[in-house]
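Peer 1: Line order of the protein sequences matches chains A and B. For the first sequence, the positions run 1 to 175 when this note's numbering is used. For the second sequence, the positions run 176 to 820 when this note's numbering is used.
Read the hints as simulated data drawn from the structure, not as lab findings. Take the hints with a grain of salt, since some may be wrong.
Claimed, not checked - Take a look, some chain B residues computed to stay more than 12 Å from chain A by CB distance:
hint	residue
1	N213
2	V243
3	A398
4	Q526
5	W555
6	V635
7	T676
8	E686
9	R690
Stated by the list, open to error - Cβ pair distances, simulated, as ranges:
hint	chain 1	residue 1	chain 2	residue 2	range
10	A	N163	B	R353	37 to 45 Å
11	B	N626	A	S16	58 to 66 Å
12	A	E106	B	R809	20 to 28 Å
On a predicted model such as this, the values are computed, not experimentally measured, just so you know. For each residue, glycine too, the CB sits at the ideal point set by N, CA and C.
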Amino acid sequence: MPLETEARAEIRSLISDLEPDDGKLLDALHRVQHRYGYLSNEALEVIAEHLKMFPSHVYGAASFYDEYRFDPPASTTIRWCSGPACRLENSNGIRDAMLAVFDLKELGDRTNDNQVEMINGQCNGACELAPLIWIEKQIEHKRDVVGKLSVTKAIELARAISNGEYIEEGHETAF
Amino acid sequence: MANISRKDTKLHSETLNIEDSYTNIRENADLVYSEWRNPIRPRIDVAIDTSSLANGALAIKRELVKLVAERNAVLDVSQNHGYGMQWLNPLVTITWPDGTSIVYGPVKLGNIPDIIDEAINRSGAALHLGIGLLSGDHSSLVNLREHTFFKNEPGERRLIKRIGFTNPDSIDHYIGTRGWSSFARILYRGMTPDDVRQELLDGGLGGRGGGGFPAGMKWNFLAGASDSEHYMVCNADEGDPGAWVNRVILEGDPHLLLEGMAIAAYATGSQRGFIYIRDEYPLGVERVRNAIKQAEEKGLLGSNILGSQFSFQLEVVRGAGSYVCGEETGLLSSIQGQRGQPRIRPPFPAQAGVFMKPSNVNNVETFSHVPLVLQNGSSWYKEYGTEAMRGTRLFSFSGDIPYTGFMELPFGTPMKDVLESCGGVNPGEKLVAIQSGGPLGSLVPASALPNLTLENSSFVPYDAMMGSGGIVWVSDRTHLIILNEYISEFVEEESCGRCTTCHGGNQRMTEIFRRIMAGNGRREDEFNLKMIDDTLQHSNCVHGQFSPKPMRNLLQHFRHEYDALVVDRKDSTLTIPAMTQFRITNTADRRIEDAVTICPVNAFRGEVGNRSIDDEACIRCGACTEIAPNAIVRESRVDTAQSII
Numbered sequence: 001m002p003l004e005t006e007a008r009a010e011i012r013s014l015i016s017d018l019e020p021d022d023g024k025l026l027d028a029l030h031r032v033q034h035r036y037g038y039l040s041n042e043a044l045e046v047i048a049e050h051l052k053m054f055p056s057h058v059y060g061a062a063s064f065y066d067e068y069r070f071d072p073p074a075s076t077t078i079r080w081c082s083g084p085a086c087r088l089e090n091s092n093g094i095r096d097a098m099l100a101v102f103d104l105k106e107l108g109d110r111t112n113d114n115q116v117e118m119i120n121g122q123c124n125g126a127c128e129l130a131p132l133i134w135i136e137k138q139i140e141h142k143r144d145v146v147g148k149l150s151v152t153k154a155i156e157l158a159r160a161i162s163n164g165e166y167i168e169e170g171h172e173t174a175f
Numbered sequence: 176m177a178n179i180s181r182k183d184t185k186l187h188s189e190t191l192n193i194e195d196s197y198t199n200i201r202e203n204a205d206l207v208y209s210e211w212r213n214p215i216r217p218r219i220d221v222a223i224d225t226s227s228l229a230n231g232a233l234a235i236k237r238e239l240v241k242l243v244a245e246r247n248a249v250l251d252v253s254q255n256h257g258y259g260m261q262w263l264n265p266l267v268t269i270t271w272p273d274g275t276s277i278v279y280g281p282v283k284l285g286n287i288p289d290i291i292d293e294a295i296n297r298s299g300a301a302l303h304l305g306i307g308l309l310s311g312d313h314s315s316l317v318n319l320r321e322h323t324f325f326k327n328e329p330g331e332r333r334l335i336k337r338i339g340f341t342n343p344d345s346i347d348h349y350i351g352t353r354g355w356s357s358f359a360r361i362l363y364r365g366m367t368p369d370d371v372r373q374e375l376l377d378g379g380l381g382g383r384g385g386g387g388f389p390a391g392m393k394w395n396f397l398a399g400a401s402d403s404e405h406y407m408v409c410n411a412d413e414g415d416p417g418a419w420v421n422r423v424i425l426e427g428d429p430h431l432l433l434e435g436m437a438i439a440a441y442a443t444g445s446q447r448g449f450i451y452i453r454d455e456y457p458l459g460v461e462r463v464r465n466a467i468k469q470a471e472e473k474g475l476l477g478s479n480i481l482g483s484q485f486s487f488q489l490e491v492v493r494g495a496g497s498y499v500c501g502e503e504t505g506l507l508s509s510i511q512g513q514r515g516q517p518r519i520r521p522p523f524p525a526q527a528g529v530f531m532k533p534s535n536v537n538n539v540e541t542f543s544h545v546p547l548v549l550q551n552g553s554s555w556y557k558e559y560g561t562e563a564m565r566g567t568r569l570f571s572f573s574g575d576i577p578y579t580g581f582m583e584l585p586f587g588t589p590m591k592d593v594l595e596s597c598g599g600v601n602p603g604e605k606l607v608a609i610q611s612g613g614p615l616g617s618l619v620p621a622s623a624l625p626n627l628t629l630e631n632s633s634f635v636p637y638d639a640m641m642g643s644g645g646i647v648w649v650s651d652r653t654h655l656i657i658l659n660e661y662i663s664e665f666v667e668e669e670s671c672g673r674c675t676t677c678h679g680g681n682q683r684m685t686e687i688f689r690r691i692m693a694g695n696g697r698r699e700d701e702f703n704l705k706m707i708d709d710t711l712q713h714s715n716c717v718h719g720q721f722s723p724k725p726m727r728n729l730l731q732h733f734r735h736e737y738d739a740l741v742v743d744r745k746d747s748t749l750t751i752p753a754m755t756q757f758r759i760t761n762t763a764d765r766r767i768e769d770a771v772t773i774c775p776v777n778a779f780r781g782e783v784g785n786r787s788i789d790d791e792a793c794i795r796c797g798a799c800t801e802i803a804p805n806a807i808v809r810e811s812r813v814d815t816a817q818s819i820i
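The whole structure should be built from the sequences, with the hints applied where relevant.
Peer 2: As structure tokens, this is what we get:
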């Protein structure tokens with residue numbers, strides 16, 4: 001059994017009330033990711049140990065779900081809404097233009113300096129704002145919604161983010 | 176004889192106690208709720224729901240609280256849920272001591288002083304933002320029920336009658352509006368689980384997940400299962416893009432869902448329940464968890480509910496971004512902490528569900544209907560709807576329409592009336608298709624509109640389905656294959672990976688769509704797409720089986736558009752990147768330099784006054800035509816427009 005380090009103890013304290021064989025794996029993963037922004041190998045081990053599962057099972061299950069991540073998030077995450085109402089408002093153009101500004105090849109990529117990543121987002125029914133993106137600070141659990149975008153506005157926004165000049169609009173959501 | 180009589184007395188005293196417990200809770204809640212409807216001082220409620228939040232409702236609420244404090248105004252600030260008119264968000268409701276409630280929107284930060292003035296002295300300062308009345312009278316505003324957006328709704332809302340009228344975070348508001356009474360009645364009348372299931376069967380409640388299978392019958396399977404450990408599961412993994420009807424209940428009236436599940440648990444002998452909510456609904460997770468906590472505190476959930484022998488533990492499982500977990504057996508796997516892969520049936524959930532124990536899975540709306548059907552009876556339930564699909568259900572509308580939002584509509588409402596209440600398609604555009612049922616649903620041609628009603632059977636002649644409540648109206652502004660490519664990529668990404676037909680088939684389908692969009696369509700593509708369709712039918716679950724439907728609809732109903740792409744390589748909508756190009760038509764236009772600045776890929780060549788666009792570099796995002804609409808055009812690309820032969 002690995003040594004109990006301070007980090008492991010902290011991870012364990014986050015999930016100490018969860019019982020094995022009780023449908024608690026997703027909850028455990030959520031709690032740990034909420035605290036650290038991602039799931040480290042160490043965290044997966046501690047979760048496995050606590051819930052009496054194989055680490056391979058924990059990783060195998062966690063990697064099935066889009067929202068669990070195994071690397072620290074970039075400083076800013078741009079979640080581009082892929083929903084149908086947005087597609088009808090040229091959201092593809094917005095995606096391609098923003099990727100170009102950040103010099104990224106496709107969704108899921110991040111800038112070399114780890115400042116910005118762009119990911120695929122799912123429709124949550126604020127379609128009156130289509131086309132929209134979410135600008136997130138994963139570690140701080142801050143999420144800003146920017147809707148009714150034009151391609152021009154999206155490019156200006158992306159440039160402001162690149163230059164560290166972006167100011168949140170205050171359209172935050174629970175996160 | 177003596178024994179039986181003693182037992183009867185004991186049972187009688189137990190049910191009396193249950194009735195007393197509920198009456199106590201109810202009396203207190205009635206008081207709280209009547210003070211909410213007729214507050215001692217005016218109250219301003221900010222609508223807080225996912226859509227309102229995205230429109231800046233939290234900032235509005237913060238500013239309100241701040242200004243009310245600064246002005247020492249004799250006002251309260253609280254929250255409710257938006258009424259359905261999402262294009263007018265953020266919404267604010269003022270309720271005065273006489274019980275009048277007026278809804279205002281869209282409220283900007285600058286409007287808040289007016290809102291406060293209006294709340295204090297009813298001077299009409301915010302009248303220009305007034306949308307309508309929730310209750311009471313006003314000289315120049317009408318009741319919201321008369322708004323054109325709601326003209327197809329029943330005279331009174333049924334399933335979502337509390338929306339706008341209550342604070343979703345208050346169990347007292349729920350109980351004060353006859354909440355938890357159906358469940359309490361079952362306990363204090365000493366109804367058996369068989370009685371409850373029979374009453375529901377008599378009520379005729381059909382499942383709202385899509386199939387319309389009678390809920391009472393589904394519960395019979397679980398009640399009859401051999402094992403004594405039973406589970407009741409709610410599928411709140413509403414993953415269809417463009418559908419957010421479950422969200423309205425989770426965020427707007429979570430207590431209703433809990434009561435429905437408690438009744439279901441009682442009727443099937445379930446001791447434990449799970450509500451599986453998708454990760455994209457954090458507010459729904461928060462509100463449902465809060466509702467569970469409040470119900471436990473009141474003794475309505477947990478052990479020995481209201482002092483009876485019945486116990487039911489309910490908890491929320493938050494999903495983590497997987498569409499296929501909305502398939503009921505995928506959901507069961509996910510609750511257990513496995514990959515969310517749908518299982519191979521049999522065994523069915525009623526035999527082996529969560530932890531391989533007998534389980535029942537229903538949709539959010541099905542559970543939420545249960546208390547209403549038991550409370551109001553079968554004839555009330557059947558007042559609306561059609562012979563095949565009774566009652567009402569929630570629908571969400573989006574796409575190329577001016578009015579985006581949700582409504583509660585009777586099954587069988589004509590779709591053309593629905594489109595009218597959404598404001599028709601956007602000015603200057605023509606309806607081309609109706610995307611219903613999400614990515615596993617359909618693309619129905621506009622020509623079908625006169626024959627379509629909000630009932631699945633009217634969609635069937637078009638090889639289509641109505642689906643789970645999300646309807647997206649598609650106009651002639653965007654080429655349909657853009658939606659097809661999106662849907663195809665979506666089902667590919669969200670395939671669980673078990674069946675090669677599904678993860679491989681949808682991958683091939685996406686590749687073919689992308690090649691067609693690149694201007695390299697081939698005659699054999701149609702044959703290959705149809706072969707993929709046939710192959711996908713052999714997938715294990717509905718994800719694979721239904722995934723080719725939108726593609727099949729494209730070939731069936733939009734032949735002309737498909738042929739134009741594959742044979743003529745032309746896109747009349749000018750929205751497909753590889754089939755279009757950008758060209759400067761007026762090099763003297765001063766806005767061209769702004770376009771040069773905005774271009775994210777520096778595709779402009781030449782000097783000022785003599786610019787041109789490098790087609791190789793251009794990514795066709797469209798920013799330059801937004802900025803210089805009179806000088807730059809998007810047009811069909813010449814070199815792709817050659818015949819396939």
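Peer 1: Each hint: holds or not?
Peer 2: Comparing the hints with the structure gives:
1. The beta carbon of N213 (chain B) is kept farther than 12 Å from every beta carbon of chain A, the shortest such distance being approximately 31 Å.
2. With 12 Å as the threshold on Cβ separation, the claim that V243 (chain B) sits away from chain A holds: the shortest Cβ distance comes to roughly 19 Å.
3. No Cβ of chain A comes within 12 Å of the Cβ of A398 (chain B); the nearest lies about 22 Å off, and the non-interface call holds.
4. Listed as a non-interface residue, Q526 (chain B) keeps its Cβ farther than 12 Å from every Cβ of chain A; the least gap is roughly 19 Å.
5. Distance check for W555 (chain B) against chain A: the nearest CB is about 29 Å away, which clears 12 Å, and the non-interface claim stands.
6. Every CB of chain A lies more than 12 Å from the CB of V635 (chain B), the least distance being 22 Å, so the non-interface label holds.
7. T676 (chain B), annotated as away from the interface, keeps every beta carbon of chain A farther than 12 Å; the closest lies near 19 Å.
8. With a cut of 12 Å on Cβ distances, E686 (chain B) stays outside the contact zone with chain A, its closest approach being about 15 Å.
9. Non-interface status of R690 (chain B) relative to chain A is upheld: no Cβ of that chain comes within 12 Å, the nearest being about 17 Å off.
10. Between N163 (chain A) and R353 (chain B) the beta carbon distance is about 57 Å. The supplied range of 37 to 45 Å is therefore violated.
11. Between N626 (chain B) and S16 (chain A) the C-beta distance comes to about 60 Å, which sits within the given range of 58 to 66 Å.
12. For the hinted restraint 20 to 28 Å between E106 (chain A) and R809 (chain B), the CB-CB distance of approximately 24 Å keeps it satisfied.
Going through the hint list in order, the structure does not satisfy hint 10, though it satisfies all others.
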